[in-house]
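Q: Work the whole structure out from these sequences, hints included.
Chains as they are written, first to last, in my numbering: chain A, 1 to 304; chain B, 1 to 240; chain C, 1 to 359.
What the hints contain is simulated information worked out from the structure, not anything from laboratory work.
Glycine is no exception: its CB is placed at the ideal position from the N, C-alpha and C atoms.
Be aware that a few hints might be false.
Far from chain C by the CB rule (all over 10 Å, computed), these chain A residues [unchecked claim]:
{"id": "1", "residue": "I60"}
{"id": "2", "residue": "L74"}
{"id": "3", "residue": "R93"}
{"id": "4", "residue": "A97"}
{"id": "5", "residue": "L160"}
{"id": "6", "residue": "V239"}
{"id": "7", "residue": "Q264"}
{"id": "8", "residue": "N292"}
Not the full set, but computed from the structure, chain A residues with beta-carbon under 10 Å of chain B [said to hold, decoys possible]:
{"id": "9", "residue": "K126"}
{"id": "10", "residue": "T164"}
{"id": "11", "residue": "R171"}
{"id": "12", "residue": "E175"}
{"id": "13", "residue": "N182"}
{"id": "14", "residue": "A186"}
{"id": "15", "residue": "I288"}
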Amino acid sequence: MTAILQILFDALSLGSLYALGALGIALIFGVMRLVNFAHGDYIAFCVFAMLWPSIDAAAIVFAGNLPTYLLIPLILCVGAGLSVLSEILVFRRFRNANPATMMIASFALGFVIKYLLLMLYSSRPKSIDLWSNLSQQIEIFGARIPPLQVITICTTIVILLALTAFLKRTRYGLEMRAAAENFTMARMLGVRANLVIMLAFALSGMLAAAVGLILVTQTGTVDINMGANIMLVAFVATVIGGLGSLPGAVIAGFLIGGLSSLMQAYLPADARPFRDAFVYGAVIVMLIWRPNGLFSSKAAKQRV
Amino acid sequence: MTLLSIENISVRYGKLTALRRASITVNEGETLFVTGPNGAGKSTLLKAIAGVVTPREGFIRFNGAHIAGKAPEDIARMGFSMVPEGREVFGGLTIEENLRLGTGMRADKDQAARDLEQVYAVFPMLKDRKDAQAGVLSGGQQQMLVIGRALMASPKLIAIDEPSLGLAPKVTDDVYATLLKLRDSRGLTLLIVEQSATRAGLTGGRMVLMRAGQVALEGDARQLVKGDALRQAYFGYGDH
Amino acid sequence: MQHRPSIIARTWSTPVILIAILLAVALAAVAAGSGPFNQTVIEIFIRVVLVVGLYVFIGNSGVISFGHIGFTCLGAYMTAWLTMLPAIKKSKLKGLPDIILNAKLQYGWGLLAATVFAAICAYVIGKVLMRLSGIAASIASFAVLAVIIQVYSNWDSVTGAQSSVVGIPIVRTIWPYFLCAVIVVAAAYLYSISRSGLALRAARDEATAAAASGVDIPRERLIAFVISGAMMGLGGALFAHSVGVVTPDTFYLGLTFVTLSMLVVGGMNSLSGAVLGVVVLSIIIQVLRWLEKGIDAGFGVISIPNGVQEIAIGVVMIVILMFRPTGMTRNRELVWPGNKLSADAGALPSPADGKTLKT
Chain A
1 MTAILQILFD ALSLGSLYAL GALGIALIFG VMRLVNFAHG DYIAFCVFAM LWPSIDAAAI
61 VFAGNLPTYL LIPLILCVGA GLSVLSEILV FRRFRNANPA TMMIASFALG FVIKYLLLML
121 YSSRPKSIDL WSNLSQQIEI FGARIPPLQV ITICTTIVIL LALTAFLKRT RYGLEMRAAA
181 ENFTMARMLG VRANLVIMLA FALSGMLAAA VGLILVTQTG TVDINMGANI MLVAFVATVI
241 GGLGSLPGAV IAGFLIGGLS SLMQAYLPAD ARPFRDAFVY GAVIVMLIWR PNGLFSSKAA
301 KQRV
Chain B
1 MTLLSIENIS VRYGKLTALR RASITVNEGE TLFVTGPNGA GKSTLLKAIA GVVTPREGFI
61 RFNGAHIAGK APEDIARMGF SMVPEGREVF GGLTIEENLR LGTGMRADKD QAARDLEQVY
121 AVFPMLKDRK DAQAGVLSGG QQQMLVIGRA LMASPKLIAI DEPSLGLAPK VTDDVYATLL
181 KLRDSRGLTL LIVEQSATRA GLTGGRMVLM RAGQVALEGD ARQLVKGDAL RQAYFGYGDH
Chain C
1 MQHRPSIIAR TWSTPVILIA ILLAVALAAV AAGSGPFNQT VIEIFIRVVL VVGLYVFIGN
61 SGVISFGHIG FTCLGAYMTA WLTMLPAIKK SKLKGLPDII LNAKLQYGWG LLAATVFAAI
121 CAYVIGKVLM RLSGIAASIA SFAVLAVIIQ VYSNWDSVTG AQSSVVGIPI VRTIWPYFLC
181 AVIVVAAAYL YSISRSGLAL RAARDEATAA AASGVDIPRE RLIAFVISGA MMGLGGALFA
241 HSVGVVTPDT FYLGLTFVTL SMLVVGGMNS LSGAVLGVVV LSIIIQVLRW LEKGIDAGFG
301 VISIPNGVQE IAIGVVMIVI LMFRPTGMTR NRELVWPGNK LSADAGALPS PADGKTLKT
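A: Laid out in structure tokens, this is it:
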């Protein structure tokens with residue numbers, strides 16, 4: 001029983017990270033058919049924003065010293081700002097380009113951001129102590145769970161509820177859903193393209209920042225490549241969820257998190273290092289079975 | 001009074017010319033039918049007005065302002081409502097959400113709420129199912145929905161691309177009856193692309209016949225349908 | 001098929017010009033004498049092999065693949081396994097099968113084995129992957145790369161996991177590399193005028209029409225995928241012999257980025273673009289590398305910080321995509337002056353061009 005509970009918490013907290021990442025990618029894909037390869041680098045950028053630029057081995061914490069109630073909004077703003085800036089400087093000019101061109105452009109942008117970080121902070125991973133007491137384990141019903149897992153899961157639930165409320169209850173949310181379904185028609189009804197797209201980028205950037213904060217608290221290190229793995233899983237999750245479907249992305253994120261945790265727990269020790277390879281393999285097999293994803297939206301089928 | 005004037009616009013898709021120096025005017029309060037064979041450039045004409053495609057040359061003036069090259073949302077906010085071919089409802093949104101999208105540019109929320117009630121008064125069926133997903137509606141119901149949605153913006157001009165496409169004749173009759181009622185009660189101007197000239201003749205109004213990206217013939221719909229000139233223009237002068 | 005001779009007549013000059021460019025690069029290296037320049041030229045030839053390999057699939061099929069560098073990894077390790085001294089293998093890579101463990105082949109056989117091995121893997125992976133298309137295919141290809149790198153960075157007994165595999169025989173003369181680049185360019189040209197290549201490009205431009213006229217798109221894609229996978233494997237093996245060391249990390253996103261950017265800058269849909277992209281970006285990279293190391297300008301050493309090289313390439317790539325998405329060559333092929341230009345159907349504007357939504 002406790003073992004199952006432990007796996008459940010592992011699965012949910014890992015799935016939370018993947019779901020938030022996938023949501024960040026699906027939001028932008030929805031409004032402009034862009035698969036944003038720079039998303040992982042947004043995550044790393046947000047984390048590095050807490051440090052003072054230096055290529056020394058030791059991290060010089062700067063903004064990271066702020067009290068929590070200031071730090072979190074600041075990092076969220078950094079994420080939103082970076083994301084919106086990349087829309088204005090780069091992606092705006094690719095609105096009429098085909099998805100493949102946009103995808104490569106985002107890949108290049110991701111590299112620019114990554115090597116900017118390398119230039120400012122060097123490529124060595126640095127350790128940083130952020131809320132590390134959250135990783136000390138506590139006992140819940142006999143399972144040893146770090147509070148961070150609980151916080152991660154709760155934060156994700158709050159974010160998902162807030163985002164759902166935004167999309168379902170507000171005017172901008174309505175416009176965004178409409179734009180995701182049929183952008184041209186939405187514009188013909190007076191929906192402002194630039195505003196909706198910038199909003200999607202801002203939300204996506206904030207999600208990247210949230211992922212970054214959770215990740216750095218979990219691992220205690222900052223690394224210019226720290227977003228890469230989450231991004232890859234998030235991509236895969238958006239494809240499984242049906243490109244463009246937000247609920248699909250979230251569910252698929254949790255599914256992959258669950259699959260990874262199960263494999264971590266039940267694979268023989270020799271095979272455990274290959275866990276991710278098994279997960280991706282399973283995903284590819286699934287795609288053959290359902291090329292449009294598990295929960296493909298009608299809009300995505302028509303246009304992708 | 002002229003509400004919309006299109007002067008010598010040309011539109012090309014790659015090597016394909018869809019419109020070549022076409023000119024059309026629409027007067028306030030009138031119903032103008034645009035007919036013509038497939039590929040005559042009728043839909044492209046509407047798309048050019050709506051700002052979805054940008055003409056390579058020519059002017060489009062709407063309500064006194066130049067709109068060629070402007071963004072679709074800006075043109076919509078000036079009082080031009082477009083109902084494109086194939087209806088384009090947002091299938092994943094509810095009926096009421098579809099309608100509320102049409103009010104985006106309206107600052108006055110009370111007025112928007114009153115408009116919603118008025119649209120529901122015209123289309124009671126929509127009110128009955130207002131929380132249903134728009135994707136489940138039948139073709140005729142979707143046509144009503146998009147017309148209702150276009151009305152929500154209180155436009156000066158509604159342009160409709162092929163309102164009868166895919167609908168049973170009886171349903172088409174209903175759609176047209178509603179449109180004419182709205183025109184008379186609200187002082188709307190209608191610009192209707194309709195492949196069937198007969199339908200235009202039945203409804204009445206002015207008619208423009210397009211062929212190969214140009215205006216081939218213009219006149220009163222009822223008169224034109226009776227005469228031979230229409231058929232000749234439709235199929236081309238002595239092409240075969 | 002009766003068009004075949006006329007296609008060759010119209011297009012034969014393209015591979016000849018490209019090979020002449022490569023020869024010029026090789027002769028320049030010889031003229032400059034051996035030294036650091038030699039290694040740069042070897043790098044250029046390896047990149048030609050890799051980028052042309054990418055072109056064979058991406059250019060002809062129009063599907064962006066982020067996974068091809070995985071085959072490069074497969075090829076590099078394969079030649080390492082076959083050509084290293086058995087003694088080194090027995091201490092570091094115990095898990096290899098005995099036949100490989102005791103093998104000590106010439107590097108030529110290593111290259112061949114790497115090519116064949118990568119082709120076989122490409123066939124197996126492609127058989128599955130080619131049923132996807134568009135964005136799903138691109139992301140799945142990315143996942144394939146991740147799987148290959150994951151396996152190679154963790155399979156301690158066979159690949160040495162993340163530690164470097166050292167002791168691969170190093171080949172320092174430029175001619176084997178030149179020869180491989182020439183073979184790859186010629187093969188890519190022959191493929192592009194083959195029945196399969198033509199069908200695939202037709203499908204790239206007009207998928208529905210091509211499918212309707214009987215083109216089996218997954219099959220043609222698979223053929224291109226296997227050929228390009230083989231070339232990527234060859235490129236990986238050449239890389240292994242050029243530096244003598246391999247690690248899985250070498251074959252991950254960094255190399256994917258560099259090769260893809262060369263293809264994009266040159267022009268994704270043309271063989272000439274692939275070759276020119278390599279030459280031009282390699283020159284830029286080399287200059288930036290010198291600057292990163294520092295140049296004595298008389299009054300002191302001028303140097304630029306690490307990372308500028310990649311940032312510059314990234315920016316060049318974005319700017320090219322923005323203002324000239326068809327690359328330097330505009331997706332056309334270089335042909336002899338006087339011949340009719342543009343052998344590639346891809347150079348024709350597609351009907352979708354006019355459907356622009358102005359923002």
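Q: Decide, hint by hint, whether the structure agrees.
A: Here is what the structure says about each hint:
The claim that I60/A is not at the interface with chain C holds, since no C-beta of that chain comes within 10 Å of its own (minimum 17 Å). With 10 Å as the threshold on Cβ separation, the claim that L74/A sits away from chain C holds: the shortest Cβ distance comes to roughly 25 Å. Distance check on R93/A: its Cβ comes as close as 5 Å (rounded) to a Cβ of chain C, failing to clear the 10 Å threshold; non-interface status is violated. In this structure A97/A is not separated from chain C by more than 10 Å, as the shortest Cβ-Cβ distance comes to only about 6 Å.
Every Cβ of chain C is farther than 10 Å from the Cβ of L160/A; the closest lies at roughly 23 Å, confirming the non-interface assignment. Against chain C, the non-interface label of V239/A is violated: not every CB pair exceeds 10 Å, the least being about 5 Å. Every CB of chain C lies more than 10 Å from the CB of Q264/A, the least distance being 14 Å, so the non-interface label holds. A Cβ of chain C approaches the Cβ of N292/A within 10 Å, the least distance being about 8 Å, so the stated non-interface status is violated.
A distance limit of 10 Å between C-beta atoms decides the matter here; for K126/A the minimum to chain B is near 45 Å, and the interface restraint is violated. Given the 10 Å rule on beta carbons, the hint for T164/A is violated: about 14 Å separates it from the nearest Cβ of chain B. Nearest Cβ of chain B to the Cβ of R171/A: about 8 Å, under the 10 Å cut. The hint holds. A hinted interface residue such as E175/A counts as satisfied when its beta carbon comes closer than 10 Å to some beta carbon of chain B; here the least separation is about 7 Å, so the hint holds.
Because the beta carbon of N182/A sits about 6 Å from the nearest beta carbon in chain B, less than 10 Å, this interface hint is met. Interface restraint check for A186/A: the shortest CB-CB distance to chain B comes to about 7 Å, inside 10 Å, so the restraint holds. Proximity of I288/A to chain B is violated relative to the hint, the smallest CB-CB distance being about 27 Å (cut-off 10 Å).
Hint compliance for this structure: hints 3, 4, 6, 8, 9, 10 and 15 are broken, all remaining hints hold.
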